[in-house]
Amino acid sequence: MAVFWRIWATASATLAITVLILVALTMLQFRNVQRTLLAERVAVLAQNTAEPFVSAMTIGMPLSSVRNSKALLERARQTDDAITSIHLLAPGGRVLSQAGEEEAEVAGFAARADWSAGAVDRFEGGRFVSITPIGGAAGGPQGAIVVSLDASDSVNRAWAMGAELAAAGVGFLAVGSLAIGLALRRAFASEIAAFNAVEQDVERFERDVWRGETPGSGSGGGGELHRVLTGAHASYRAALLRGPAAGGAD
Amino acid sequence: MAGDLDRLDAPQVRARMTTVLTVVTALSVFLFSFVTLVSLDRAVAPELEQRTRLIGAVVRDKLQDTIAAGIPIRALAGLESYLGATMDEFSEIRRISVVTARGETVAEVERPETRALLDSIEIGRRLGISGAELQMPILVSNELVGQIQIVSSVQFVEARMRSVLIDASMLALVTILIGVELTLVVASGSIWQPLRAIVTLGRQQARGSFAHTVAPTGLSTIRLVARRLNDQALHLAERALVATPGSAPEPAPQPTRMAMPGLADMRLALFAFVAATEVTASFLPVYARGAARPDWLEPGLAAAAPSALYLAVLAILAPLAGRIVARLGPRTVFAAASVPAAFALAGMAATESLAGVIACRGAIAVCYGFATIACQDYALALRGDGEGARVSAVIMAMVFGGTFCGANIGGIFADRYGYDATMMLGAALAALAGLIGWRGLAASGDASPRPGRPTPVATPSRPVVFYAFLFGIVGPMNLVTAICIWYLAPLRLAALGASPAEIARVVMLFYLFQLVFGPVAARLAGSRFGLTLTMVAGGAVAATSLAAFGSQTYWLMTGTVAGVGAGLALMRGPALEFAARHAAGAPGRLAVYRVVERSVALVGLTATASVIGGEDADRILEFLSLLVFLGLLIFSAAAAITRKARGDSGNDGMAA
Chain A
102 MAVFWRIWAT
112 ASATLAITVL
122 ILVALTMLQF
132 RNVQRTLLAE
142 RVAVLAQNTA
152 EPFVSAMTIG
162 MPLSSVRNSK
172 ALLERARQTD
182 DAITSIHLLA
192 PGGRVLSQAG
202 EEEAEVAGFA
212 ARADWSAGAV
222 DRFEGGRFVS
232 ITPIGGAAGG
242 PQGAIVVSLD
252 ASDSVNRAWA
262 MGAELAAAGV
272 GFLAVGSLAI
282 GLALRRAFAS
292 EIAAFNAVEQ
302 DVERFERDVW
312 RGETPGSGSG
322 GGGELHRVLT
332 GAHASYRAAL
342 LRGPAAGGAD
Chain B
343 MAGDLDRLDA
353 PQVRARMTTV
363 LTVVTALSVF
373 LFSFVTLVSL
383 DRAVAPELEQ
393 RTRLIGAVVR
403 DKLQDTIAAG
413 IPIRALAGLE
423 SYLGATMDEF
433 SEIRRISVVT
443 ARGETVAEVE
453 RPETRALLDS
463 IEIGRRLGIS
473 GAELQMPILV
483 SNELVGQIQI
493 VSSVQFVEAR
503 MRSVLIDASM
513 LALVTILIGV
523 ELTLVVASGS
533 IWQPLRAIVT
543 LGRQQARGSF
553 AHTVAPTGLS
563 TIRLVARRLN
573 DQALHLAERA
583 LVATPGSAPE
593 PAPQPTRMAM
603 PGLADMRLAL
613 FAFVAATEVT
623 ASFLPVYARG
633 AARPDWLEPG
643 LAAAAPSALY
653 LAVLAILAPL
663 AGRIVARLGP
673 RTVFAAASVP
683 AAFALAGMAA
693 TESLAGVIAC
703 RGAIAVCYGF
713 ATIACQDYAL
723 ALRGDGEGAR
733 VSAVIMAMVF
743 GGTFCGANIG
753 GIFADRYGYD
763 ATMMLGAALA
773 ALAGLIGWRG
783 LAASGDASPR
793 PGRPTPVATP
803 SRPVVFYAFL
813 FGIVGPMNLV
823 TAICIWYLAP
833 LRLAALGASP
843 AEIARVVMLF
853 YLFQLVFGPV
863 AARLAGSRFG
873 LTLTMVAGGA
883 VAATSLAAFG
893 SQTYWLMTGT
903 VAGVGAGLAL
913 MRGPALEFAA
923 RHAAGAPGRL
933 AVYRVVERSV
943 ALVGLTATAS
953 VIGGEDADRI
963 LEFLSLLVFL
973 GLLIFSAAAA
983 ITRKARGDSG
993 NDGMAA
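Protein sequence lines correspond, in order, to chains A and B.
The C-terminal residue of the first sequence carries number 351 in this note's numbering, and the numbering is unbroken.
The C-terminal residue of the second sequence carries number 998 in this note's numbering, and the numbering is unbroken.
For the record, the hints were derived by calculation from the structure and aren't laboratory data.
For glycine and all other residues, C-beta sits at the position ideal for the given N, C-alpha and C.
Take these hints with a grain of salt, some might be off.
Output of the computed footprint for chain B on chain A, the stretches with three or more beta carbons under 8 angstroms from beta carbons of chain B [unchecked claim]:
(1) 163-177
(2) 190-203
(3) 298-309
With beta-carbon atoms standing in for the labels, derived distance ranges [said to hold, decoys possible]:
(4) B:L777 x A:G227: 38 to 44 angstroms
(5) A:A264 x B:A411: 50 to 56 angstroms
(6) A:G313 x B:G550: 22 to 28 angstroms
(7) B:V528 x A:G209: 55 to 61 angstroms
(8) A:S156 x B:L838: 43 to 49 angstroms
(9) A:S156 x B:S695: 47 to 53 angstroms
Full structure from sequences and hints, please.
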């Protein structure tokens, strides 16, 4: 039976690793999908918010002169509860106008980030910050919209999904392990029986020796191993009787 | 018991184990994937809903502004193209339509979709998965002018999940292969090897020889018996005194510990090593082509260069390595080969230029050559009478299993984490393989030979058959592998637009077929079919696939690869055995075999690389097919003639 337990353990471990891989890959995929969806959505929102400003820029007005910029940003912010703040940036990174909470770190990040080439996203610690440059036909972008989202909801959802999958995985593992055990039991019946026969042979040999009988002379039976052990033991006894001078090793 | 002992290496054990594991794992993955699909769908739904709402709001704002300017809703021109553009941006939307207050459809754009898998099996709705529907009113001056209806697609999640599932299934196969190996190693180490040790020792002692002991390992019963047997030998040695005339009697020499090497020791080590070196198999040509190269080297040659150097090194190394392994012992050589391999893989990750990639691949080739030849010689030395084909099958299984797993892991890893990370993983694996090899490969210097081993005195076979074999079977076989699988397939698939993971899947199909058909080949070769016929059959299968399928589409290329894999599988194991048998009287022949193997592939690869422009793939495949058929003809003719000549002369020494 010892044969069986070890094989079963290793086989179950294999199944466990497979389930783990599936869960891990799904979680990774979910994270990627989630981020892509979010980034795309925020990009569309930023484009929309930027429209009035772009019109202003097209006729040559500088961004700072748009009077109701705060109201425009506020209207965009209210389309989604998760948005914590929207900032309007000048080309140098200076904050021109903002709606929502005061967020110094967002402003700091926005000042440092290089958004001249294209949109910049950052997903960190439950907050999603996206900087979308606007305008910029010739000579680079004329400004940027920074949207800051509270992404803790999506993080929670990821963990929830992970927990769900892990629980299901454990269930599948339990059932699968059982199935493996049953199948292995049947598939390796002959090997298990062979090993049990081995153990019985050793049993029998030991019992004969304890009883003080010459092994093999008593009750018959026993397999090849029994014969081998019997032969070895007999040869040993013969060598002992021959005495030391004749030497044990030849 | 003797029969039972031989069962430890029996292919049936591995086949049974693999079957059980595969069936249970496949079922689990299949059912679990439904759970995953539902879970992922539920998790993504809120975000999708948000997006849908946003789209609706954007479209509505546009429409409201236009209608407020006085244009009636029905006269909106270009609406459908605007809706179409919006749909292109958001891939999860299935239909957008604008409806008047009275219900007439003004504009509608729909994305054609095949039925989702879940819908096809009718459980989608029951599981709570259905596309979201949203309706937004269009208000102008507080008057309801119309409505926007947006329907999103169920397929969005499914499509994302499909790639996950395929990757997971491939990794599951890898895990099963590794799991089976590990299980067999565990069983072998704790039961079968120790059992064989004590039976061998017991038999020795029964014959009266008490010169050896064995290491007590494995399950407790076997350990106990081993200790008792050891004690018998030690006790006798204690009491024995060697009487030499004229001097005090001194104790007899102590019994020495007997080493019992077995095939299982080498399996896992070889497997891990090959997996490590082959992590780059699916993307190396693409990677090399993209590396910085001197201007005079065209992309085709650049892509082939690392593989070419690899083959050249292996060809040159073959005779040398055999001798070194014989001198130093397989264990030392194997462990020593793994260290530079690890460094070379890390180096390949670090380097930017083509020269660096080639140099590292060359170094890996050196290590691979030493390691595989070490394991091959270790295994070939162990084979008893009539077991030859089986031992070759085990070697091939490890090489191809390792390649399969390595290429698989490499492809998926590269897809998600990039090429460099994958190569570092390969380096770590190589180091691990070295450790396993060090522990596993016993120093076979003082190994007791298996009973029934044929004595080395044998008349060498006729050279005609051997050379026909070399040029008719070995040459074409390796040519096809190098050109079709290592070079053409990755490049052609990349040209058809496949990602690294997808290319890896196809390349892996090749190795998978070799794995699966390897034991079939062994069984065929061992039966009345015979070695020769098996090899010829394999060649025929490969050549037919090459001619029939071609390389025009992804699936046709896959078919070619699969067919070639099956055919070559029938050839490879028997070929090694054939070479080993014919080398029995002339040891140099095995080295010649190895050299020819690699040099032919090298020549073919460089020739193809410099000639091909990429579009001529089909032509090359046909040429290969012709070559294989020709080779089969030559070999069959030589074998038939030789057999006839031998039959006439009545000498049945070497079976063909």
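Against the structure, the hints come out as follows:
1. 163-177: As far as the region 163-177 of chain A goes, the hint is violated, because 0 residues have Cβ atoms under 8 angstroms from chain B.
2. 190-203: With 0 residues closer than 8 angstroms to chain B, the region 190-203 of chain A misses the three-residue bar; violated.
3. 298-309: The restraint on the region 298-309 of chain A holds, since 3 of its residues have a Cβ under 8 angstroms from chain B and three suffice.
4. B:L777 x A:G227: 38 to 44 angstroms: At 42 angstroms between Cβs, range holds.
5. A:A264 x B:A411: 50 to 56 angstroms: holds (52 angstroms)
6. A:G313 x B:G550: 22 to 28 angstroms: With a Cβ separation near 24 angstroms, G313 of chain A and G550 of chain B satisfy 22 to 28 angstroms, so the hint holds.
7. B:V528 x A:G209: 55 to 61 angstroms: holds (56 angstroms)
8. A:S156 x B:L838: 43 to 49 angstroms: With Cβ atoms ~45 angstroms apart, the hint holds.
9. A:S156 x B:S695: 47 to 53 angstroms: Holds: the Cβ-Cβ distance is about 50 angstroms, inside 47 to 53 angstroms.
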